[in-house]
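J.: Here the structure of chain A is known, so what remains is to put chain B in place on it, guided by the hints.
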Amino acid sequence: MIQVQGLHKSFGNLKVLKGIDLEVQKGEVVSVIGGSGSGKSTLLYCINAIEKIQKGKILVDGIDAHDKKTDKNKLRQKLGMVFQQWNSFPHLTVLENVTLAPRVVLGQTTKQAEDLAKQYLDHVGLGDKYDEYPTRMSGGQQQRLAIARTLAMKPSYMLLDEVTSALDPELVGEVLDTLRLLRKEGMTMICVTHEMAFAKEVSDRIAFVEKGIIEEIGDAHQVIENPANEKTQRFLSKVL
Amino acid sequence: MGDYQFHWIIVYQALPQMLKGTFVTLHVSLLSMFLGIIIAVFLSLGKMSETRILNIIPNIWIEIARNTPALFQIYMAYFGLGAFGIHLSPYVSVLSALVFINAGYLAETFRGGFQSIPSTQLIASRSLGMTRIKAYRYVVLPQMFRRVYHPMTNQFVWSILMSSLGILVGMGELSGETQRLQSLSFRTLEFFMVAAVLYYVVTKSVLLCSELISKKIFTGDI
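So the protein lines, in turn, are chains A and B. So the first sequence is numbered by the numbering used here: it starts at 1 and just counts up by one. So the second sequence is numbered by the numbering used here: it starts at 1001 and just counts up by one.
Honestly, the hints are just simulated from the structure, not real lab data. Accuracy of the hints is not assured; some may be wrong.
[As the list claims (entries may be wrong)] In silico DSSO-like pairs for lysine-lysine, Cα to Cα no more than 30 Å straight-line:
1. B:K1134 / A:K154
2. A:K111 / B:K1215
3. A:K154 / A:K184
4. A:K68 / B:K1047
5. B:K1134 / A:K69
6. A:K74 / A:K52
7. A:K154 / A:K211
8. A:K52 / B:K1215
9. A:K52 / B:K1134
10. B:K1020 / A:K129
11. B:K1134 / A:K57
12. A:K78 / B:K1134
13. A:K52 / A:K111
14. B:K1134 / A:K68
15. B:K1134 / A:K118
16. A:K118 / B:K1215
17. B:K1204 / A:K129
18. B:K1215 / A:K129
19. A:K111 / B:K1047
20. A:K184 / A:K26
21. B:K1134 / A:K72
22. A:K111 / A:K68
23. B:K1047 / A:K118
24. B:K1134 / A:K74
25. A:K111 / B:K1134
[Unchecked claim] If we take Cβ atoms under 10 Å as the criterion, some of the chain B residues that face chain A in the derived model are:
26. L1026
27. H1027
28. L1031
29. F1034
30. S1096
31. S1116
32. T1120
33. G1129
34. K1134
Even glycine gets a Cβ: it sits at the ideal position worked out from N, Cα and C.
Bound-form chain A, shown alone (with noise of 0.2 Å):
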């Protein structure tokens, strides 16, 4: 369980989160939708403590992710993150982006290593891809091998920031069903992310942020289609 308490995050003098409180069970899938700007991605990075927090506190499985005591490599293991510029390696092949870290990290030899990136590859639909470069590769076969990367990690968790925006339209279609994918084997997942009607489809619930507060928490259902709230509203009839 993903437990966020009262989260104030500010880079400098910009508060951009102002007492967040989220929790995510195991096997959900929360979408958090708002415009740009709002801090859904700056949650996101809080919660793997890539970024620091001013006040309030992130439980990860009932681990402080921000105790300085808490090993954030550790923590970082659980939690596997897929980032909007997919941010492959462009220096190794595809084979390669994914068994570095259970290799380094890990330590798993390059034969175990390869067997699993081989399996989360063929998953994502790259299996003919093993000695490709990520930059001879369209952006939504970077962003699936971005997720097998994550995957081969086995993380607990998976947060999800804006994993389509940079596509062009016409490969957005190809990582949806990557996600839907994982949705149906049960991973929980935490997405932020502009596509209204995949936020629907896959999510349990749904929270809107706006001006680093959670304005609107719910079933998703009922948030994208009768938002109570009517900062929601006004979001939504701009969007849809």
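T.: Positioned in the frame of chain A, the structure of chain B alone reads:
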């Protein structure tokens, strides 16, 4: 004018010694590159650090190395340190001067290389659970070295040519050896012409080798 008689046989007889000098030249410049690269990585990281105190040594090092003549560094190592009772051999003097300069120049080259790599590469590596050191070792440094490979090769060629300053402290590298040999016969022109050819062959071979190596190790795009 025009009645100079070339005598090549003397040079031919001395060729084994000249080749030995060539080997020393290659040896000292290769070692100066190796050590220079290692130090330069730390200097550039130190210079980029947000912790002020870590900027100090790299700043001073880079400023001196880049803005004073190589001759000065060699004299400092050989005669300067001698004044303080530290007596370095000619080889070590030239080596340490070249390491000092290589590290200073390469640090700036590396800094440019590091800055050209998106910070998201580091974030992505850290998000996979890698420590900062592992992220640098496996993701950032390999990409940085690709980007600075050609400037690094130039620095190597520069080191080979600059090691000729060893002549001034009596080092037995190619120039020093040539100087010694010509002084026995006064066939200055012949000896230095051959030395020039040897320098050319060495630097060309180095460039060719580095090109082949880069093709072998740098697969993929950056």
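J.: Give a verdict on every hint.
T.: A quick look at each hint next to the structure:
no., hint, verdict
1, B:K1134 / A:K154, "19 Å, holds"
2, A:K111 / B:K1215, "26 Å, holds"
3, A:K154 / A:K184, "16 Å, holds"
4, A:K68 / B:K1047, "27 Å, holds"
5, B:K1134 / A:K69, "20 Å, holds"
6, A:K74 / A:K52, "17 Å, holds"
7, A:K154 / A:K211, "33 Å, violated"
8, A:K52 / B:K1215, "42 Å, violated"
9, A:K52 / B:K1134, "21 Å, holds"
10, B:K1020 / A:K129, "51 Å, violated"
11, B:K1134 / A:K57, "28 Å, holds"
12, A:K78 / B:K1134, "18 Å, holds"
13, A:K52 / A:K111, "37 Å, violated"
14, B:K1134 / A:K68, "20 Å, holds"
15, B:K1134 / A:K118, "23 Å, holds"
16, A:K118 / B:K1215, "27 Å, holds"
17, B:K1204 / A:K129, "39 Å, violated"
18, B:K1215 / A:K129, "22 Å, holds"
19, A:K111 / B:K1047, "39 Å, violated"
20, A:K184 / A:K26, "14 Å, holds"
21, B:K1134 / A:K72, "14 Å, holds"
22, A:K111 / A:K68, "35 Å, violated"
23, B:K1047 / A:K118, "41 Å, violated"
24, B:K1134 / A:K74, "14 Å, holds"
25, A:K111 / B:K1134, "20 Å, holds"
26, L1026, "29 Å, violated"
27, H1027, "31 Å, violated"
28, L1031, "27 Å, violated"
29, F1034, "22 Å, violated"
30, S1096, "33 Å, violated"
31, S1116, "12 Å, violated"
32, T1120, "5 Å, holds"
33, G1129, "4 Å, holds"
34, K1134, "5 Å, holds"
Comparing the model with each earlier hint shows violations of hints 7, 8, 10, 13, 17, 19, 22, 23, 26, 27, 28, 29, 30, 31; every other hint is respected.
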